[in-house]
Structure formats: structure tokens, C-alpha cells
Amino acid sequence: MNTTDSSGDVRLVGIGKTYGSFTAVHPLDLTVPQGSFFALLGASGCGKTTTLRMIAGLEEPTSGSVHLGEQEVTRLPPYKRPVNTVFQSYALFPHLDIFENVAFGLRRRGIRSVKKQVEEMLDLVQLGEQARKKPHQLSGGQQQRVAVARALINHPKVLLLDEPLGALDLKLRRQMQLELKRIQTEVGITFIHVTHDQEEAMTMADTVAVMDAGRVEQLGPPTELYENPRTTFVANFLGTSNLIEAEVDTRGGGDIVLDAGGGKLVLPEARCSASARTGDKVLVGIRPEKISLTHVDDAGEIPEGRNRVTGTIADASFIGVSTQYVVDSAVCPEFAVYVQNVERDGRLVPGADVVLHWSPAHTFGLDAAQSLLAGTTGSAGVESVEEEAA
Amino acid sequence: MPFVNWLRRRLVVIAGLLTLGYLLLPNVIVTVFSFNKPNGRFNYAWQQFSTDAWKDPCGVAGMCGSLSLSLRIAVWATVGATVLGAMIAFALVRYRFRARGAVNSLIFLPMAMPEVVMAASLLTLFLNMGAQLGFWTILIAHIMFCLSFVVTAVKARVMSMDPRLEEAARDLYAGPVQTFVRVTLPIAAPGIAAGALLSFALSFDDFIITNFNAGSTVTFPMFVWGSAQRGTPVQINVIGTAMFLIAVLFVLASMAVGNRRNRQKA
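For the record, the sequence lines run as chains U and F. For the first sequence, numbering that gives the first Met the number 0 begins at 0 and goes up steadily by one. For the second sequence, numbering that gives the first Met the number 0 begins at 0 and goes up steadily by one.
Take the hints with a grain of salt, since some may be wrong.
Partial selection, computed: residues in chain U whose CB lies under 8 Å from chain F [as the list claims (entries may be wrong)]:
#, residue
1, ARG74
2, LEU75
3, PRO76
4, THR84
5, PHE98
6, PHE103
7, LYS114
8, GLY139
9, GLN141
10, PRO221
11, TYR225
12, TRP357
13, SER358
14, ALA360
These aren't lab readings, by the way, just hints derived from the structure by calculation. Just so you know, even glycine gets a beta-carbon here, dropped at the ideal spot from N, CA and C.
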């Protein structure tokens, strides 16, 4: 696979979709490099499925254009696009057996001898034995693999996956995630995967675009998104973040020194997405697992140069590999801290006074003009996911 | 007690057999009396076994003419009602248009309206329009009352159909025509077939509406009704039995085809 070859890139240029007065997708630009595994991540109603359907041709964009490599396909109907979709409900044809389902695309393009190709494809998804069964005779996971085979057999330039694992139980989901990743590596086709499951997006994709309310919030490799989120939505939607309101005190030597509730916090300039002139408000973020917890009696042992916050443990829950603490502090009322259970300190119980400390290199800075709670459970987006499931 | 236990274990079978007998008894009578050689003009009392009527089914003046007319009307009414009804059903399920709700409920009216009332009203309409009563007025009336049944049957099927299936077909290189022929139609087929069968049966044996709007034309049900006043020829039973047997053969054939398909799959 030659990754520098851009002839198979998917390019969306200013593509947008409105339904009456409702804007499903704000005009956005997006390039998906050929051969990559790309995930569109967001809560339901964020516009990710609409974006996918516009690439498939099942939805006509209100503005902008869709390009596959050199070809503009904006006005082409779906059956003329070299793109195939795996639907959320699989949409297997109930009146055809597995073999004919997989052969459907080949036959429509007038290919006569389909037997060899179909058998190879069924072997790829390990369903060679089931060729003559009807879709309803297969389990959910098997149906899902048929849907993948039915799309892949056409060697599309891009495979679109619309929440393909949504209907499977957790264990099968994990298994299928690995399976899809294996298939993608094997066939080298560009995959665009729509999901609301942040863990799924991070495990499978090379690049993730986080969407909210019809806009792409941030785009990048999963580690980049997780370690250095640029908006509160991304910080909260991908995992958990502690966000502290602070004010810029001084800056220099590549670092910003902030004042938070009287204490000083250090933040590398490169990890701050907000403008940070002296006196500006900034949100300081830190992931719960980056924080170390030390009892206040041992505070002297904490190395110099680490960010510190003092507080009182409000709650501790032991969950096997780690213990999750909620710490009440002056700068943040519910500081989440995850501590690996390597050497447990018996004094760290609710009511104990502690010092939280972490390396400045793990700190990130966000624009303070955003909602602290964007992307957390209980915000509008997540509620609508539950509505859909109900 | 052993008898009660025996009864308890076989209650479902016994109830089933009794119901089946209740359903089939009239058919048995029709069949048995098609081999009768009645003494007078009425075929109401068993006299002696004979195959005369079976050897000469068209031996009664006018009967086979009326039978072929009824069959022709039933076929055309089925075709007309099925095509129109299926299209209406698709439109009602798939598209949002003004008066959709009204159409949705109005389509049931012909089913709810007492047949005699509808028959008389239709006659009024035809007379006021100056229409010539006969084949065409019967056909128009039959298509009209069959429509609601087809719409109901097809609608149920189309409603339960996942619209993603057609999207999947279009996504897999099927154009609009191919999508319809390869996916939409096969999936809607059981509903359409049910509507068509109902239409045929309803049209073939309709008497009330036909009688009002036929003018001097005589369909098979009208012939049977008419002859019942003067005497019932055994041939009527022959036709009835033959129709029943043909229907049974169709059912058996479709079951055999289904079984063979399943066995191939396994």
C-alpha cells in the first residue's frame, strides 16, 4: 500500500446538509487518505451518519462537493459510485441466501462467473459453510460479517461503515472490532467508520474526527486526541477530564504559569489551544490517570516542578486494577483521580487530606469561553443516544 | 379417570379435527352430490351414483358461458385491482402527500359499506352516466371492491419492510428499475399474492353487486342463483368440486416447491 499516493483519497469540500431550518452538517472540509481507517465519532444527531450518507450518495448535500481521488461524485447516484456501505441494521436481503446476498453487487454489474469470488469472500469472513442459509438463520455477528463481505466483494475505493457493531453485545463487539481491523489491513481499502463509542473509535481507527452539532470538533490520531484535546467537548467525550478554571500569570521559556485558586500550575505553551496573554482565562485540563495521590503528611517527598493541588478525598471506589478517587479541592469540586493498584496506601480513605500532583507535560489548556460540561454524560447529545436506544 | 386423561392429552387434536370437519363438510356434500342422479329437477336428495354430470359438465344450457365470463371477469379484476392496489399501498407507505390520511381511511370504506347499499348506489351511478350495463360495469365494480383488500394486504407487507434494503440495493450498483425488480418486488410479493388471491376469490363468487350492475349479462353465481329457482343441475356441483380440487392442487404444488427449495438449502 503506497500511502503517499493520493489518487484514492476521499475529499469533502465545504460539504453541508440542511433540512428546512435544521442544519444537520455545517459545511466542512475533510480529507481521508487512501488506505486509512478513519472514524467519525460523536453522539447521535451530531451529523456523522449524514456525512457518511452524503459520501455514499444516499443523501444529497445542500452545499459543497464530494471527491473520490480525481473524480467528483457529488451528483452521482449511489449505484454509480465506487463506494459501498455496511448498514447499521445490516440490511441483508431477506429473500436471498448468503451466497446471493454477497453476489448481489457483482451480478448487478453484469459479472457472470461469481462463484469463485463469492467463495473467497465468504472464506475471508469465515462463513464458507453458511453460503446456502438465509440471513435470518444466522447470528447477529455472522449477519454483520455477511454485510461486510457483500460490500467488500465489489472492491470499493471506500468502505463506509454506519455503526456496524451497534447491535452486538459487548464481547462480540470487541471480537468484531479486531476482525474488522484485520480485514482492513488485509484488503487495504479505505474504511470510514461511524460510531458513538469512543473506545471503538480509538481501538480501530488511525484517524478520528470528533463531531458535535454538525461540526468537526477535532481531528487526529487517537493518542493525539486523547492526550491533547483542543475543546472541552473532546476532552469530556473521549474519556474523562478534570477541568480547572485558571488565569494566565506569566509566560516564558515555552511554559505558561497559571494562577488557579491561589496555587500555581504550569502548562507547556505547545499544549494550550487558547490564546494565553497575561490575565486571560484558560481552562486547565488533566486526565485522571496522570495524577498521583500523596497523603498530606508525605507532601515533602513530592519532587519539585510538578503541578500540585490540595484537597480532601470525598469518595474512593476500588475496581480491581485501579482505585478511582473523587477529591474535593478548592479549584475543582470533583477531581477524578485513577490510581493503579500497585502499592496501596492505607491512609487514602474518604476524609483524608491529600496532595494531587502531576507532571506539567500532561497538562493541556483550553479556551475558557466554552461550557465545562460539553460532551459529558447528561449533556444533550448523550441523552439523545439513549432516546434512540429506547 | 383413564378416559379423562386420554381426553386431556388429545384435546387439541380432537378440537382440531372437529373444526376441520366443520369447515370441510359443505365441500364434502358438494362433491358427493356431484355424483348424484337426481329424480327431479332439484339435486337435494340422494338417489343413485352416476358420473353423467362429470362426463358432460357443459350439458346445461348457458352454464359454461356464464362460467367463462366469470373467470374472465375475475382474472381482469384481479389484475386491475392488484396493480392499482399495490401502487396505492406503496404510495401510502412511502410518500408523504396532502390528503394521505384521508386516503388511508377512505380506502377502507368499500369494505365497511353494506354490499347491497353499494350495489344499488353503483347502479344509480351507472344509470345516471348512461353506461351500458354488462361486462365493463361488472369489471369496474369488481376492481373497486377488490382494491381495498389488495391495499390492506400489500400495505402491511410494505410497512414492515426496512427502507434500508432498497438503499443497500442502490448502494450495490442496482439502478431504480433493478432495485424494484430484484429487491422491492420480491419482498412485497407475499402481500401482493395474498391481495391477488383474495381479489380473484371475491370477484369470482360475487353475487349481490354483480346482480345489480350486470344488465342482461349472466355470471356464474347469477346462473346458479337463477337456476336454483327452477331446479339445480348436478353440473353446478361438478364445477364447484372442480374449482375446489384445482385450489387444493395449487396449494399442494406450492408446498412441494417450498419443501424442495428448503431441502436444497439444507
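Now the hints, each set against the structure:
1. ARG74: Since chain F brings no Cβ nearer than about 15 Å to ARG74/U, farther than 8 Å, the hint is violated.
2. LEU75: Cβ of LEU75/U sits 11 Å from chain F, so the hint is violated.
3. PRO76: 7 Å, holds
4. THR84: 5 Å, holds
5. PHE98: 10 Å, violated
6. PHE103: 5 Å, holds
7. LYS114: Hint on LYS114/U: violated, closest Cβ of chain F at ~16 Å, above 8 Å.
8. GLY139: Result: violated, 15 Å to nearest chain F Cβ.
9. GLN141: 16 Å, violated
10. PRO221: Where the cut-off is 8 Å and the nearest Cβ of chain F is about 28 Å from PRO221/U, the hint is violated.
11. TYR225: 33 Å, violated
12. TRP357: Hint violated; TRP357/U Cβ to chain F Cβ min 48 Å, cut 8 Å.
13. SER358: 49 Å, violated
14. ALA360: 47 Å, violated
In the structure shown, a violation is registered for the earlier hints numbered 1, 2, 5, 7, 8, 9, 10, 11, 12, 13, 14, in ascending order.
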